[in-house]
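Engineer: Given the coordinates of chain R, assemble chain C onto it according to the supplied hints.
There are 2 protein chains.
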Amino acid sequence: MATLVAIKSSPLEDAEALQKAFKDAEALHKAFKGWGTDEKSVITILGHRSVYQRQQIRKTYEEKYQEDLLKRLESEISGDFERAVYRWMLEPADRDAVLAHVAIKDGSKGYNVIIEIVSVLSPEEVLAVRRAYHNRYKHSLEEDVAAHTTGHLRQLLVGLVSSFRYGGDEINPKLAKTEADILHESIKEKKGNYEEAIRILTTRSKTQLLATFNRYKDDHGTSITKKLLDNASDDFHKALHTAIRCISDHKKYYEKVLRSALKRIGTDEDGLTRVVVTRAEKDLKDIKEVYYKRNSVHLEDAIAKEISGDYKKFILTLLGK
Amino acid sequence: MATLVAIKSSPLEDAEALQKAFKDAEALHKAFKGWGTDEKSVITILGHRSVYQRQQIRKTYEEKYQEDLLKRLESEISGDFERAVYRWMLEPADRDAVLAHVAIKDGSKGYNVIIEIVSVLSPEEVLAVRRAYHNRYKHSLEEDVAAHTTGHLRQLLVGLVSSFRYGGDEINPKLAKTEADILHESIKEKKGNYEEAIRILTTRSKTQLLATFNRYKDDHGTSITKKLLDNASDDFHKALHTAIRCISDHKKYYEKVLRSALKRIGTDEDGLTRVVVTRAEKDLKDIKEVYYKRNSVHLEDAIAKEISGDYKKFILTLLGK
Chain R
1 MATLVAIKSS PLEDAEALQK AFKDAEALHK AFKGWGTDEK SVITILGHRS VYQRQQIRKT
61 YEEKYQEDLL KRLESEISGD FERAVYRWML EPADRDAVLA HVAIKDGSKG YNVIIEIVSV
121 LSPEEVLAVR RAYHNRYKHS LEEDVAAHTT GHLRQLLVGL VSSFRYGGDE INPKLAKTEA
181 DILHESIKEK KGNYEEAIRI LTTRSKTQLL ATFNRYKDDH GTSITKKLLD NASDDFHKAL
241 HTAIRCISDH KKYYEKVLRS ALKRIGTDED GLTRVVVTRA EKDLKDIKEV YYKRNSVHLE
301 DAIAKEISGD YKKFILTLLG K
Chain C
1 MATLVAIKSS PLEDAEALQK AFKDAEALHK AFKGWGTDEK SVITILGHRS VYQRQQIRKT
61 YEEKYQEDLL KRLESEISGD FERAVYRWML EPADRDAVLA HVAIKDGSKG YNVIIEIVSV
121 LSPEEVLAVR RAYHNRYKHS LEEDVAAHTT GHLRQLLVGL VSSFRYGGDE INPKLAKTEA
181 DILHESIKEK KGNYEEAIRI LTTRSKTQLL ATFNRYKDDH GTSITKKLLD NASDDFHKAL
241 HTAIRCISDH KKYYEKVLRS ALKRIGTDED GLTRVVVTRA EKDLKDIKEV YYKRNSVHLE
301 DAIAKEISGD YKKFILTLLG K
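Going down the list, the protein sequences come from chains R and C. In this text, residue positions in the first sequence follow this note's numbering: the first is 1, and each later residue adds one. In this text, residue positions in the second sequence follow this note's numbering: the first is 1, and each later residue adds one.
No lab work stands behind these hints, which were simulated from the structure alone. If you're wondering where the values come from, they're calculated on a predicted model, not measured in any experiment. Fair warning: there could be bad hints in the mix.
A pair holds if it fits inside one copy or across any two, identical chains being indistinguishable in the list.
[To be verified] In silico BS3-like pairs for lysine-lysine, Cα to Cα no more than 25 Å straight-line: (1) Lys177 <-> Lys105; (2) Lys105 <-> Lys71; (3) Lys23 <-> Lys305; (4) Lys177 <-> Lys138; (5) Lys305 <-> Lys238; (6) Lys312 <-> Lys285; (7) Lys138 <-> Lys206; (8) Lys23 <-> Lys227; (9) Lys105 <-> Lys226; (10) Lys282 <-> Lys59; (11) Lys227 <-> Lys206; (12) Lys174 <-> Lys33.
Chain R on its own, in the form it takes in the complex:
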């Protein structure tokens, strides 16, 4: 089991939290009893607990019933609902390790998930995911990414995964200008100097990269993401595009993921679940606003039309409906 999230609290708060977890574990156990599962209780309880509370419920449940709550959930519920609840129950770094592992196996269509995880999270959060990946898979994340890719794509993905970017706010404007030009040259020609573009995108701090992207727009009359879209025909260019979008404005990026997931014939439940579960306790509220501004439809309403059953109830609960 992954390390629990440690939060400082008073002894009284600890006792109360423990009692609550105990009650939740009991209620869940009751929901599993007999034929069928009381899915409503599962959604009501787990959908309204914080990451810390969920870890405590899992621990308490295991101590009380000598059974892993996650394993029990897997046998009680199924399909997209199961997958969403399972992911929701994992500690965040551990969840991202699982998502990255699945994405590596998915090959070409999983690259965006890997890029998203390591480009949106803070440098210290990425390290936590890499540590969780060690614990689960007895390999390093970069090791598995590298073994499944080649050429420039490998260089870019492994660089993004392995980078421990400086997290400070310092900007070097001269460097932003030089490197905006390098990126421009690199993207312009199809056989450009990708080595340098990869170096810049995988090693510079996010603040410095934002300055570089702004400078690009000022000097070259269009945003670097628009320019890249013209060329985004292969996996490498698509990966470049995704990385830049995740670094420049990850809320806008997530809005697009949701929009595409819902627009598809046969909704992309994995994409939908991923964004809702991973951002619910972070900035899902902002992403909902971006979605509304872009589509003039509330995200909840758009989702409600596309999915159904317990999965729908659970996702809408996480959306705060």
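Structural biologist: The following block gives chain C in isolation, referenced to the frame of chain R:
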């Protein structure tokens, strides 16, 4: 100032340690007084204190005299002696960050120092160095390495620096065979498939790599380091060679660094200081044994012949003479 090393201890031990640090700070302050410095006291005190004690002395000195002990030392002593004491006084991860930074500026002749740091330390220790580098230089280590190199050499160095290798003991023997063959093909031809060799060396766990190097020897009749020596004419091949030696047997590697440092006309004091200071509290005793076995001369005697003055006294103190 860098983070202090935290060691658990009882309140009584804490009080005693603090009192000792206080006395040491006073004695050092006295050693700096008047014309000239009492170098003997500096050597006797600092040369016999653990990493934790040195950090405590530095803190106590600053509180008591409103002055950074390191700055004061810089103004009191000079030359190789100063450099050795300064490095000895830094917290290990911070010291390696400084060594790496100097090495990057040194260009081609500094590559081995960078490779040595990130290949000998444990994965978690490498992260600590990368964090210390952020704190000091407001850049990431891989960012500065990448900006100063190109091509395959960049790929190898950045890969070694950025990797967070899995630290477990699992070995996949089949993989060891496949990758021993890939390494063999890659080194054999001058224009080999370096991409794959770089992938293997920068991402696999050290235990797995040892199995691969052993398999190489079994299947190809010679050690991979010997084979590489035949080709080690350019910076890239030299870097490959250094990385493999640091991963296979770092004590043997350090013995060679010391041997070369002493053999040179005009001793390489930086190399000598680096090995003695960084390994003194780790495995310098073993390295001394390896040195004796290889040269039939005690390391202390070899060093005593080549250097002199306070620098010599200090280095011999760290060697336990």
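Engineer: If a hint holds in the structure, say so; if it doesn't, say that too.
Structural biologist: Here is how each hint holds up against the structure:
| no. | hint | verdict |
| --- | --- | --- |
| 1 | Lys177 <-> Lys105 | between (38 Å within a copy, 23 Å between copies) |
| 2 | Lys105 <-> Lys71 | within (22 Å within a copy, 54 Å between copies) |
| 3 | Lys23 <-> Lys305 | neither (34 Å within a copy, 75 Å between copies) |
| 4 | Lys177 <-> Lys138 | between (42 Å within a copy, 19 Å between copies) |
| 5 | Lys305 <-> Lys238 | neither (30 Å within a copy, 62 Å between copies) |
| 6 | Lys312 <-> Lys285 | within (18 Å within a copy, 65 Å between copies) |
| 7 | Lys138 <-> Lys206 | between (30 Å within a copy, 13 Å between copies) |
| 8 | Lys23 <-> Lys227 | neither (55 Å within a copy, 66 Å between copies) |
| 9 | Lys105 <-> Lys226 | neither (29 Å within a copy, 37 Å between copies) |
| 10 | Lys282 <-> Lys59 | within (23 Å within a copy, 39 Å between copies) |
| 11 | Lys227 <-> Lys206 | within (20 Å within a copy, 42 Å between copies) |
| 12 | Lys174 <-> Lys33 | neither (66 Å within a copy, 47 Å between copies) |
When held up to the earlier numbered hints, the structure conflicts with 3, 5, 8, 9 and 12 and fits the remainder.
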